[in-house]
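Peer 1: Residues per chain, in single letters:
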Amino acid sequence: MSLNLWLIPVLPLVGAALNGLLGRHFSKRVVTAIALLFPGAALAWALLVVSRALGGGVTLPYTETHATWLGSGAFSVPYAFYLDQLSIVMMLVVTGVGFLIHIYSVGYMSHEGGYYRFFSYLNLFMFFMLTLVLSNNYLLMFVGWEGVGLASYLLIGFFFLRDSAASAGKKAFIVNRVGDFGFLIALFLMIKHFGSLNFDQVFAKVSTMPVEAAGMGLLTVIGILLMVGAAGKSAQIPLYVWLPDAMEGPTPVSALIHAATMVTAGVYMVARSNPIFFRSPTALIIIAIIGCLTAIFAATIGVVQTDIKRVLAYSTISQLGYMFLGCGVAAFSAGVFHLMTHAFFKALLFLSAGSVIHALGGEQDMRRMGGLRKHIPKTFWVMTIATFAIAGFPPLAGFFSKDEILWKAYSSPFGGSWIYWAIAVFTAFLTSFYMFRLWFMTFFGEFRGAEHEGAEHAGHGHAQHGAATHGHIHESPWIMIAPLVVLAVLSFVGGWIGIPHALGGHNQFDQFLSPVFHVSAEAMPAGEHPGARVHEAAAEHAETNTELLLTGVSVGSAILGLFLAWLLYYKRRDLPQKIADSLGMVYRFVLGKYYVDEFYQAAIVKPLLAGSSTVLWRGIDQGLIDGTINTSADATRDVSDGVRQMQSGNIRSYAAWVALGAACVIAFMIWMGVR
Amino acid sequence: MNSSALNPYILTIVTFIPLAGAVLLMFFPRRDRDIRWFALAVSLLTFVLSLHLPAHFVNGQQGFQFEINLQWISTPNIHYHLGVDGVSMWLVVLTTFLTPLCVMISWKSIHDRVKEFFILLLVLQTAMIGVFVALDLFLFYFFWEGTLIPMALLIGMYGHERRIYAAVKFFLYTMVASVFMLAAIIWFYAKAGTFDFVALQTAIQAGQVPGFATAAPWLFLAFFVAFAVKVPLFPVHTWLPDAHVEAPTAGSVLLAGVLLKMGTYGLLRFNLGLFPEQARSNAPWIIALAIIGIIYGALVAMIQPNLKKLVAYSSVSHLGFVVLGIFSFTQMGLTGAVYVMLAHGISTGGLFMLCGILYERRHTYEISQLGGLATPMPVYATFFLFTVLASVGLPLLNGFIGEFLVLAGAFQAKAVYGVLAATGVIWSAGYLLWMYQRVFYGKVKHDVNLTLPDLTAREQAALWPAAVAALVMGVAPLLWIKAIDPAVRAAIQPVVQMTTQVMGR
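Chain order of the listed sequences is D and E.
Going by our numbering, the first sequence opens with residue 1, and the numbers climb by one from there.
Going by our numbering, the second sequence opens with residue 1001, and the numbers climb by one from there.
Please keep in mind that the hints were generated in silico from the structure rather than gathered at the bench.
Beta carbons: idealized from backbone N, C-alpha and C, even for Gly.
Any given hint could be a false lead.
Straight-line alpha carbon distances no greater than 35 Å define the calculated DSBU-like cross-link-like pairs of lysine-lysine that follow [to be verified]:
#1 Lys-1445(E) - Lys-1309(E)
#2 Lys-593(D) - Lys-1445(E)
#3 Lys-1108(E) - Lys-1482(E)
#4 Lys-374(D) - Lys-571(D)
#5 Lys-606(D) - Lys-1309(E)
#6 Lys-593(D) - Lys-571(D)
#7 Lys-1482(E) - Lys-205(D)
#8 Lys-1414(E) - Lys-1482(E)
#9 Lys-374(D) - Lys-578(D)
#10 Lys-593(D) - Lys-378(D)
#11 Lys-28(D) - Lys-374(D)
#12 Lys-578(D) - Lys-593(D)
#13 Lys-28(D) - Lys-1445(E)
#14 Lys-1445(E) - Lys-606(D)
#15 Lys-28(D) - Lys-1115(E)
#16 Lys-1115(E) - Lys-1414(E)
#17 Lys-378(D) - Lys-28(D)
#18 Lys-205(D) - Lys-192(D)
#19 Lys-1108(E) - Lys-1443(E)
#20 Lys-1414(E) - Lys-192(D)
#21 Lys-1309(E) - Lys-1191(E)
#22 Lys-1309(E) - Lys-1414(E)
#23 Lys-1414(E) - Lys-205(D)
#24 Lys-1443(E) - Lys-606(D)
#25 Lys-1414(E) - Lys-606(D)
#26 Lys-374(D) - Lys-606(D)
#27 Lys-578(D) - Lys-378(D)
#28 Lys-593(D) - Lys-1443(E)
#29 Lys-1414(E) - Lys-1108(E)
#30 Lys-378(D) - Lys-571(D)
#31 Lys-606(D) - Lys-593(D)
#32 Lys-1482(E) - Lys-192(D)
Simulated restraints on C-beta separations [what the hints assert, rightly or not]:
#33 Pro-1305(E) - Ile-419(D): 50 to 58 Å
#34 Pro-1453(E) - Asp-638(D): 16 to 24 Å
#35 Arg-644(D) - Pro-1284(E): 39 to 47 Å
#36 Arg-644(D) - Asp-1454(E): 51 to 59 Å
#37 Ala-44(D) - Pro-1054(E): 36 to 44 Å
#38 Gly-445(D) - Gln-1460(E): 29 to 37 Å
Based on the provided sequences and hints, a complete structural model is requested.
Peer 2: Right, here's the structure in full:
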């Protein structure tokens, strides 16, 4: 039975093409209908596919091959789609959250110019994202990978009249290209050594290879290069710099692309490549370290941000770090679990933030908010659920997924360590703190916007409705609230499918994904992996106790974060400034985002441009090469001028030339004769 | 399929219809409108006829197809020998595809000496096609130099302010380099008594050319110099930016789209075909130049204040990929190289058309004079972005396929080649998107730009075919590759055989 998986990416593509090519001539209703119909149909088809797949209609993994895309010699790449438990999760997240955000956008973007253009891009994004998660080979995945980058570029720069938006889009694309460079090299290595880029063929070859215990074996190199790609797309150190700037895009874009789906593509790719990583402890350690460092690094920046979307952006980077930490200790299903719950609550956070911004006519600075829970109660309530979810309060979704990662970071036989755990718990505390800081600053206290009433923020996104509605704080229309409610429900209950054994659950999520991850883990002799241990039944009980203890600590840190935020941003609002003053340099360093952007600018961009201009272009091109050529041209002319003198028309001088020539010829003949 | 009665004559027809059209144009009265329509009709007819080639081409068949071999001059023994393989066939179609677009794009921008312009354009087309179909070295050289004169005249007569300087530089640069090739061709005739490519190749392989072993390194270099200047390979590329900036739009399109490919085609056909051993031994430094070209061209493109120069330097970078692919001696690398040739013809041709459209409105290529153009010219901006993305190598568009294959092939040959060249994906995104931002995004900075009209129907008619071709070439590359792949395999066979012999020793 064919599932016709290809329909799932192609349906949104049709929507994108219709609106992109003809949208200018359509009425707004038609544009809306097209924009919702095709992603909606993709979601419906995805649900149908899942029901068939889980109903036993097909055996997973399922592959459908349609045609050869490109090939040369023995190498070829098909247009082929692949469905297994991992792609089911990704597909449902992308189509589900994606469709909700499409609905929300109808309300959010209704006053903006370029309405059809926006939805054309958004549908195009869905096409590429679904191609990415449903592809059966690395190259088609790369198509989606680059394509979502394109959609991201277009949507970040949607308000292209603003220079900051245009620059942010460009920056995102170029930084991602740095990551893609690594990804590409990994693909070349696979072609060279495995002769194919199809998952099944690559992994079949990989599974015959031994674990690379030490040094830089082939799989380690491939793994690290894949991680370079993932670091670009998923905004990890050192390539995270584009994501905060990407907040220039309209808020639904931030929710869909820069929180819920695209930025998780790196996590998906690493999880998908798990057979490679299971055989390379070195690559795993690198992933874990990068994830861990990014998590805490971004969280510290999030603590001092005042732009509501930037807080969420750094939070996203930090949470992605968690996912990579999970993958880095080979707890891929924990990483994907957090990917899913994060998609729910972070999309909800962004969309709620969008609703706040919408209500305030484009205001994004939390210092000019406050007391909004009375004005926009629905937004307040959904945002509250999301905040508690991300902070890790049980029994919300974020608690279970984050806890799973924390536990695995500590206990995983593949390099788990208490150091990871400690950093991750501290990050959890920071997360809770900055999220409740946002919550208190936005919804509690008195509204502080009035003092700044006169100041016009033309620089900010939503300026268009700013003019019309400023001064009147209004709740968003139902078309924006409805998706929020759905996401709020998901953020609440979404974690219940992964309740760990220690808390009396069965972790169905882990079991569901086990065919993808555990097969390759078990295929490897346990002793061969340096960290791998076979767990004894006796140790099981002690371990459960440890797990409960650690869970208690992480919940405690979340509560501590809540308390501290309450103290500083509700009870004693004078304190933050004092603390900031007393910290001085340190505070400014963090506020300046550690000056990483400035460092890249000074160390890479400026020298590159200056060098290209002065050394390469003016120096080599115009000076050296053209200089040499022009000199030789001049020399040629001088010689010709000299030669021209010979043709003077004077008979006697001709005779002299003839005599000279004859002398030369004779001399030459004598010389030859002598030899 | 290959049973058409037209087959032996089709190459002759396709090659000389433009010339016949040019001759007819000479007798036309100076009614510019009729002249334009006639030129368009001739170029479209040529294109349609040239489609006979892929329609009747037999994929995988050994040797050349649609061959015709007649004695032209008895002493010296020069043959009228034409034929194509999978590589040259698609280059011919690229030429016939781009020429009608050039006619359309020159519709309004050329208003003086219109008749001469289209005569030159059609003569140029015959010469370009001739280069790709000629299998007799003398004939090849004849067409090769034949492209030079009309192109130099197009630049010199219809170009911008420094057109004379650019035309002379272009002419001398390539002319001087070609002389070496002529010397090598004459050497061959003196030793082997034939100009015929196929005969020479067989004779060389059989060791029947006296003195070849000692002369081969020099002969290789003689051909190489001629082609390297044309490509252009770093460091002999400096004629290109000047020529492009000064050339009229159609000249730039054909220069970038076809003339540069004559250089890479020559490398593939002659340097690899006649001198496999020298190609092998010289590959390292040639590849080094190619990689320098990729990076250098991109970096210099990045800081160009002039839009057209930027595109010109991007060509240096792209053609670096082609040379890298050719000298990787891998199946993927060579197929990719040929694919980059075709893709670059479409997308850079498109970029030059777009530059020309802008010049007609604004009479400048200075990026600082532009900015914010997406507001007055949204459709134009969309076409431009699409073409930029094709050039950047976005998957599912034409640029990606060739670039990916070249890089994969180069990586197979030697990892460091692939790694260094792959940095090109970063640079190209850098210079093109930065340029795009400065030209199109933000608010309009100069008031004159506020009222710029968007694309006309005629301009769209010239741009749509290129855009569609870029998409189809990215989505269904096998349509081209299935003909290219076998030709490439035949081309690298001697090189690969030689390597295995060396290894065997």
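Peer 1: State for each hint whether it applies.
Peer 2: Structure-based check of each hint:
At most 35 Å may separate the alpha-carbon atoms for a hinted pair to count; Lys-1445(E) and Lys-1309(E) meet this at roughly 22 Å. For the suggested pair Lys-593(D) and Lys-1445(E), the alpha carbons sit about 32 Å apart, so the restraint of at most 35 Å is met. The hinted pair formed by Lys-1108(E) and Lys-1482(E) fails the criterion: a straight-line CA distance of about 39 Å is larger than 35 Å. This hinted pair checks out: Lys-374(D) and Lys-571(D) have alpha carbons roughly 19 Å apart, not beyond 35 Å.
Between the alpha carbons of Lys-606(D) and Lys-1309(E) the distance comes to roughly 21 Å, so the proposed pair stays at or under 35 Å and holds. For a cut-off of 35 Å, the pair hint linking Lys-593(D) to Lys-571(D) stands: about 27 Å separates their Cα positions. A hinted pair counts as satisfied when its Cα atoms are at most 35 Å apart, and Lys-1482(E) with Lys-205(D) qualifies at roughly 28 Å. Distance check on the hinted pair: Lys-1414(E) and Lys-1482(E) sit about 26 Å apart at the alpha-carbon level, within 35 Å; holds.
Straight-line distance between C-alpha atoms of Lys-374(D) and Lys-578(D) comes to about 29 Å, which keeps the hinted pair within the 35 Å bound. Pair hint Lys-593(D) plus Lys-378(D) holds up; C-alpha atoms about 33 Å apart against a cutoff of 35 Å. A hinted pair counts as satisfied when its Cα atoms are at most 35 Å apart, and Lys-28(D) with Lys-374(D) qualifies at roughly 33 Å. Proximity of Lys-578(D) to Lys-593(D) is assessed by CA-CA distance (about 20 Å); at most 35 Å being required, the pair is judged to hold.
For a cut-off of 35 Å, the pair hint linking Lys-28(D) to Lys-1445(E) stands: about 31 Å separates their Cα positions. A hinted pair counts as satisfied when its Cα atoms are at most 35 Å apart, and Lys-1445(E) with Lys-606(D) qualifies at roughly 24 Å. Straight-line distance between C-alpha atoms of Lys-28(D) and Lys-1115(E) comes to about 49 Å, which puts the hinted pair past the 35 Å bound. Between Lys-1115(E) and Lys-1414(E) the CA atoms are separated by roughly 52 Å; this puts the pair beyond 35 Å, and the hint is violated.
The straight-line distance between the Cα atoms of Lys-378(D) and Lys-28(D) is roughly 27 Å, inside the 35 Å bound, and the hint therefore holds. The straight-line distance between the Cα atoms of Lys-205(D) and Lys-192(D) is roughly 12 Å, inside the 35 Å bound, and the hint therefore holds. Between Lys-1108(E) and Lys-1443(E) the CA atoms are separated by roughly 29 Å; this keeps the pair inside 35 Å, and the hint holds. Straight-line distance between C-alpha atoms of Lys-1414(E) and Lys-192(D) comes to about 10 Å, which keeps the hinted pair within the 35 Å bound.
Straight-line distance between C-alpha atoms of Lys-1309(E) and Lys-1191(E) comes to about 44 Å, which puts the hinted pair past the 35 Å bound. Distance hint between Lys-1309(E) and Lys-1414(E) is fulfilled; the C-alpha atoms sit about 32 Å from each other, no more than 35 Å. Distance hint between Lys-1414(E) and Lys-205(D) is fulfilled; the C-alpha atoms sit about 22 Å from each other, no more than 35 Å. Straight-line distance between C-alpha atoms of Lys-1443(E) and Lys-606(D) comes to about 25 Å, which keeps the hinted pair within the 35 Å bound.
Distance hint between Lys-1414(E) and Lys-606(D) is fulfilled; the C-alpha atoms sit about 32 Å from each other, no more than 35 Å. Between the alpha carbons of Lys-374(D) and Lys-606(D) the distance comes to roughly 49 Å, so the proposed pair goes past 35 Å and is violated. This hinted pair checks out: Lys-578(D) and Lys-378(D) have alpha carbons roughly 34 Å apart, not beyond 35 Å. Between Lys-593(D) and Lys-1443(E) the CA atoms are separated by roughly 29 Å; this keeps the pair inside 35 Å, and the hint holds.
Only pairs whose Cα atoms come within 35 Å are accepted, and Lys-1414(E) paired with Lys-1108(E) is rejected, the gap being roughly 49 Å. Taking the CA atoms of Lys-378(D) and Lys-571(D), the gap is about 24 Å. The hint holds against a cut of 35 Å. Taking the CA atoms of Lys-606(D) and Lys-593(D), the gap is near 20 Å; set against the 35 Å cutoff, the hint holds. With a C-alpha separation of about 22 Å, the suggested pairing of Lys-1482(E) with Lys-192(D) holds against the 35 Å cut-off.
Between Pro-1305(E) and Ile-419(D) the C-beta distance comes to about 52 Å, which sits within the given range of 50 to 58 Å. The beta-carbon spacing between Pro-1453(E) and Asp-638(D), approximately 51 Å, falls outside the hinted interval of 16 to 24 Å. As the Cβ distance of Arg-644(D) to Pro-1284(E) is approximately 44 Å, the hint placing it in 39 to 47 Å holds. About 56 Å separates the C-beta atoms of Arg-644(D) and Asp-1454(E), a value consistent with the hinted range of 51 to 59 Å.
With their beta carbons about 41 Å apart, Ala-44(D) and Pro-1054(E) fall inside the hinted range of 36 to 44 Å. Hint check: Gly-445(D) to Gln-1460(E), Cβ distance near 57 Å, so the stated range 29 to 37 Å is violated.
Taken one by one, the earlier hints fail for this structure at numbers 3, 15, 16, 21, 26, 29, 34, 38, listed in ascending order.
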